[in-house]
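Asker: Quick mapping for you: the protein sequence lines, in order, are chains A and B.
Going by the numbering used here, the first sequence opens with residue 1, and the numbers climb by one from there.
Going by the numbering used here, the second sequence opens with residue 1, and the numbers climb by one from there.
Among the hints, erroneous ones may be present.
Computed list of chain B residues with no C-beta within reach of chain A, every gap over 12 Å [unchecked claim]:
1. Leu24
2. Ile28
3. Ala30
4. Ile38
5. Leu42
6. Glu44
7. Val91
8. Glu355
List of simulated lysine-lysine pairs, BS3-like, C-alpha gap at most 25 Å [said to hold, decoys possible]:
9. A:Lys93 with B:Lys45
10. B:Lys12 with A:Lys102
11. B:Lys12 with A:Lys106
Everything labelled a hint here was simulated from the structure, so no lab data went into it.
All C-beta atoms, glycine included, are put in the ideal place defined by N, C-alpha and C.
The primary structure of each chain is shown beneath.
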Amino acid sequence: MQVQGDKYTIVYHSETATVRCDGMLDLRGKDGYTEISELFTKVLDQIPLPKKIILDIRDLEFLNSSGITTLGGFIIRLRNKGGIQLLIQCANKHSWQLRSMKGLQKLMSEGLELNFE
Amino acid sequence: MEHTQSKEELIKENSALKNELNDLKLIIEAVTGHSDGIESELLEKIHAGEKLFQVMSKTIPVPFFISLKDSGKILFSNKHAYQIFGYSAEVFLTKEMLDLYSDPKEFQTFITVLSQYGQVDNFEATLKKSDNSLLIVYLFSQPIVFKEQACLLTVIYDLTERIKAEEEKSALENQLRQTQKMEAIGTMAGGISHDLNNILAIIFGNIELSMMILPEDNEVQKLLTCALSAAKRAKEMVKQILDFCRQKEHERIPVKIKQVVSEAVGMIKELMPSTIQIKLEIEPQLSTIQGDPTQIHQILMNLCSNSAYAMRDTGGVIEIILKEVHKNLATTRIANPKPVSYVVLTVKDTGCGIEKTIMDRIFDPFFTTKPVGKGTGLGLSVVYGIIKSFGGTITVESELGKGAAFHCYFPLSSKTSDSADPTDIQKKVNGGKEKILLVDDEEDVLLIFKSMIESLGYEVITHSNSLQALQMVQKSKNDVDLVVTDNMMPNMMGTTLAEKILAIRPNMPIILCTGLDIQINKDHLSSIGIKGFINKPYSLQQLAFLIRKLLDERNR
Ligand SMILES: Nc1ncnc2c1ncn2[C@@H]1O[C@H](COP(=O)(O)OP(=O)(O)O)[C@@H](O)[C@H]1O
Ligand SMILES: [Mg+2]
């Protein structure tokens, strides 16, 4: 599964249960993110559901506020499914990721791990 | 049933709404925090970008400025840009692009080009500095967005240095051309001088001979003395011309003209445009000629470049033909006014041909029909000079529209004419065809006696250095039939030379020329094996008699 834009790529690798977000995500509003949101839905509708999902944003340079909202929605839906672990792989070189991901972590007080490299 | 929802259900719904509200709160927090974070990071990047721009504009050694696209107002300039115009940064930033042009029309053209192509490359413009002096540049302009405004980034390439360099180069080229002209005159003068020297040698020889033959108290002696001093003045003049041109008489060596010509043609082929075909035709049996290979190259180059020019619009064929002929040519080479064998080099083209009216001027130095910069008018005069200096001659056949053929005649190096045509001098004495080596340290004497002995039909080799003369005899095999040598010579006395020659060629007839002032024991000379002596000054008649006598004795 993949969503490809001019400046970004979102790919889901089912073997590793990893969603990779690369590039610059600066789509306009909620509507701009419909396609990406649908990809997230498909990830969560898989049967059987993986026990652990990885969100890899190490090469995500930029994310606008509609983007962070979309990610937040994904985390809430994942949490509500129950019993799935989430690991977010982050990069220190994009300094915004630390603060923003800490903010999102509050949405899932258990079972969400942040990893910075 | 909805209104009969149970209390439990209501509580459950309430807590779900609370959770949702909580999530929303968290998301809003996350979004706000995220926005602040990413904003500050972006700002950092912008500042870094600005800083980079500042550093770059200061560092790169290229003048450039940024102006508003519509008004042309200058918004930014690096140091190099405002300095090149002689403005301070502050003043430069009050200018508009139009202010920089010396001719507003040129600015209009710039704008037209810009709107047509979206950008401008290599636009040559004459700009105006703060002191109103002119600045010739190439402009390169690209539209950019600067501080959120549509702008133009313009890079200036200053042509001043380049124009200066080009001027220097063309000055150098002029200088070179001048040198070439002088060289050409030199070559030509060299050739002419050679002929004059030959003529003078004959004049000298005959005057001196006449003075020797006539009794000393004869009335005519005075007239001859007069003629002699005039001839000496002429000789001095020739020497001065040669000195002025710093031209020595070229050392001429036997040249295998076949090889030299094919080599030169190979080179010329490389240089010719593809529209011009070169055909080479060489007779298999060719004698060597007396000359200088580089000068033969030069002859071919000059003739072929004229031919190429004559066919520049039409294309065509250059035929280069090399063969041997036996011919009586009316040349200025007095020594050989009879049919002689020559190697002829012909360069023939299918070009525009030569008008009859200019035919007798084409060999004149600086005569050219080509536009300024295309011709020097020296090509043919140099060819003429070289061929003359080889003792040869050049003829031309051409008709307007029917191509041209230049024939260069080179006399052969070893064989002179066999058909000895008796001259006035010869009538009085007996000559021959043998080869005679003449050694005397005074070149002038050599030259006079060479012509005189040659006029008797003999073949003459001369050496002004007795050591070289000896080497020559050592190397050649029975080549020389008789040696005439001066006695007083700096490197080796004539007697010693005779002794050494006789050591290798015991039968060689040798004539020793001695000055009257020197006492020489003739018995001693005879014992060495020297068969003839003659006192200076001697007459040609005396010498001729002695030469013939010794040669006949040897043959008996
Ligand atoms: N092959 C040729 N065909 C026609 N014209 C010639 C040819 N060779 C020489 N000429 C004429 O002779 C003139 C003098 O020649 P040259 O001495 O080489 O000087 P330049 O080539 O510089 O003019 C030329 O300008 C040309 O008019
Ligand atoms: Mg020429």
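Asker: Give me the numbers of the hints this structure contradicts, sorted from smallest to largest.
Answerer: 1, 2, 3, 4, 5, 6 and 10
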